[in-house]
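There are 2 protein chains.
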Amino acid sequence: MAEKASENVVYVGQKPSMAYVLGVMTQMSNGQNQIFIKARGRSISKAVDVAEIVRRKFAKDARISNIEIGTEEKALENGQKVNISTISISIGK
Amino acid sequence: MAEKASENVVYVGQKPSMAYVLGVMTQMSNGQNQIFIKARGRSISKAVDVAEIVRRKFAKDARISNIEIGTEEKALENGQKVNISTISISIGK
Chain A
1 MAEKASENVV YVGQKPSMAY VLGVMTQMSN GQNQIFIKAR GRSISKAVDV
51 AEIVRRKFAK DARISNIEIG TEEKALENGQ KVNISTISIS IGK
Chain B
101 MAEKASENVV YVGQKPSMAY VLGVMTQMSN GQNQIFIKAR GRSISKAVDV
151 AEIVRRKFAK DARISNIEIG TEEKALENGQ KVNISTISIS IGK
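Line by line, the protein sequences are chains A and B.
Read in the working numbering, the first sequence has 54 at position 54, and its numbers run on one by one without any break.
To get the working numbering, take the position in the second sequence, counting from 1, and add 100.
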């Protein structure tokens, strides 16, 4: 993933879930009212874990306001293209 | 998973995605206008794949009307309890 770090987006990847939970909580305490938890492919399950941990354990006044799913085309090294699913979970106060 | 097979629910688990895509399409052709694609834990990513494949390749008039995430408590064999994330994707015409 080569996304630019956006102020209110947390991209979920290979690290343990708690790393991303911390990322969300840091943004919330920096005054972000709306945070997007985004992931692709197999990390989608972890993105849901992150949203649920934030909502249930750390920011009990936070609500999940929207969830979107989609598909991106990804070019493999051999030139082939594959479709990869995406998720964006919007969480805020 | 020991859920009762519900008429308009497709539970996504260990099988290949296309098995569940077929399940959704079968229910649609049986006249179900609203189908819930449900999964837990690591199968959540596959549930998103299934919804996206249905919407993009097979039922192009279908819309994803709602996505809900949640947490269930699961008892392990040793008596410990762990939290497991869930997703329910509602897709229909």
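Just so you know, the hints here were simulated from the structure itself, not pulled from any lab data.
Glycine is no exception: its CB is placed at the ideal position from the N, C-alpha and C atoms.
Worth double-checking, as some hints may not be accurate.
To be verified - Subject to a maximum C-alpha distance of 20 Å in a straight line, what follows is the list of computed EDC-like cross-link-like pairs (lysine to aspartate or glutamate):
| no. | chain 1 | residue 1 | chain 2 | residue 2 |
| --- | --- | --- | --- | --- |
| 1 | B | K160 | A | E7 |
| 2 | B | K160 | A | E73 |
| 3 | B | K181 | B | E107 |
| 4 | A | K60 | B | E173 |
| 5 | B | K157 | A | E73 |
| 6 | B | K157 | A | E72 |
| 7 | A | K57 | B | E168 |
| 8 | B | K193 | B | E173 |
| 9 | B | K193 | A | D61 |
| 10 | A | K93 | A | E73 |
| 11 | A | K93 | A | E7 |
| 12 | A | K57 | B | E173 |
| 13 | A | K57 | B | E107 |
| 14 | B | K157 | A | E7 |
| 15 | A | K93 | B | E168 |
| 16 | A | K60 | B | D161 |
| 17 | A | K60 | B | E177 |
| 18 | B | K193 | B | E168 |
| 19 | A | K93 | A | E72 |
| 20 | B | K160 | A | E72 |
As the list claims (entries may be wrong) - Stretch-level coverage of chain A by chain B, calculated; a stretch enters the list once three of its residues show a Cβ under 8 Å from a Cβ in chain B:
| no. | segment |
| --- | --- |
| 21 | 17 to 30 |
| 22 | 41 to 53 |
Status of the hints after comparison with the structure:
{"no.": "1", "hint": "B:K160 to A:E7", "verdict": "violated (34 Å)"}
{"no.": "2", "hint": "B:K160 to A:E73", "verdict": "holds (18 Å)"}
{"no.": "3", "hint": "B:K181 to B:E107", "verdict": "violated (30 Å)"}
{"no.": "4", "hint": "A:K60 to B:E173", "verdict": "holds (18 Å)"}
{"no.": "5", "hint": "B:K157 to A:E73", "verdict": "holds (14 Å)"}
{"no.": "6", "hint": "B:K157 to A:E72", "verdict": "holds (14 Å)"}
{"no.": "7", "hint": "A:K57 to B:E168", "verdict": "holds (18 Å)"}
{"no.": "8", "hint": "B:K193 to B:E173", "verdict": "violated (33 Å)"}
{"no.": "9", "hint": "B:K193 to A:D61", "verdict": "violated (34 Å)"}
{"no.": "10", "hint": "A:K93 to A:E73", "verdict": "violated (33 Å)"}
{"no.": "11", "hint": "A:K93 to A:E7", "verdict": "holds (16 Å)"}
{"no.": "12", "hint": "A:K57 to B:E173", "verdict": "holds (14 Å)"}
{"no.": "13", "hint": "A:K57 to B:E107", "verdict": "violated (34 Å)"}
{"no.": "14", "hint": "B:K157 to A:E7", "verdict": "violated (34 Å)"}
{"no.": "15", "hint": "A:K93 to B:E168", "verdict": "holds (18 Å)"}
{"no.": "16", "hint": "A:K60 to B:D161", "verdict": "violated (38 Å)"}
{"no.": "17", "hint": "A:K60 to B:E177", "verdict": "violated (30 Å)"}
{"no.": "18", "hint": "B:K193 to B:E168", "verdict": "holds (18 Å)"}
{"no.": "19", "hint": "A:K93 to A:E72", "verdict": "violated (29 Å)"}
{"no.": "20", "hint": "B:K160 to A:E72", "verdict": "holds (17 Å)"}
{"no.": "21", "hint": "17 to 30", "verdict": "violated (count 0)"}
{"no.": "22", "hint": "41 to 53", "verdict": "holds (count 9)"}
Taken one by one, the earlier hints fail for this structure at numbers 1, 3, 8, 9, 10, 13, 14, 16, 17, 19 and 21, listed in ascending order.
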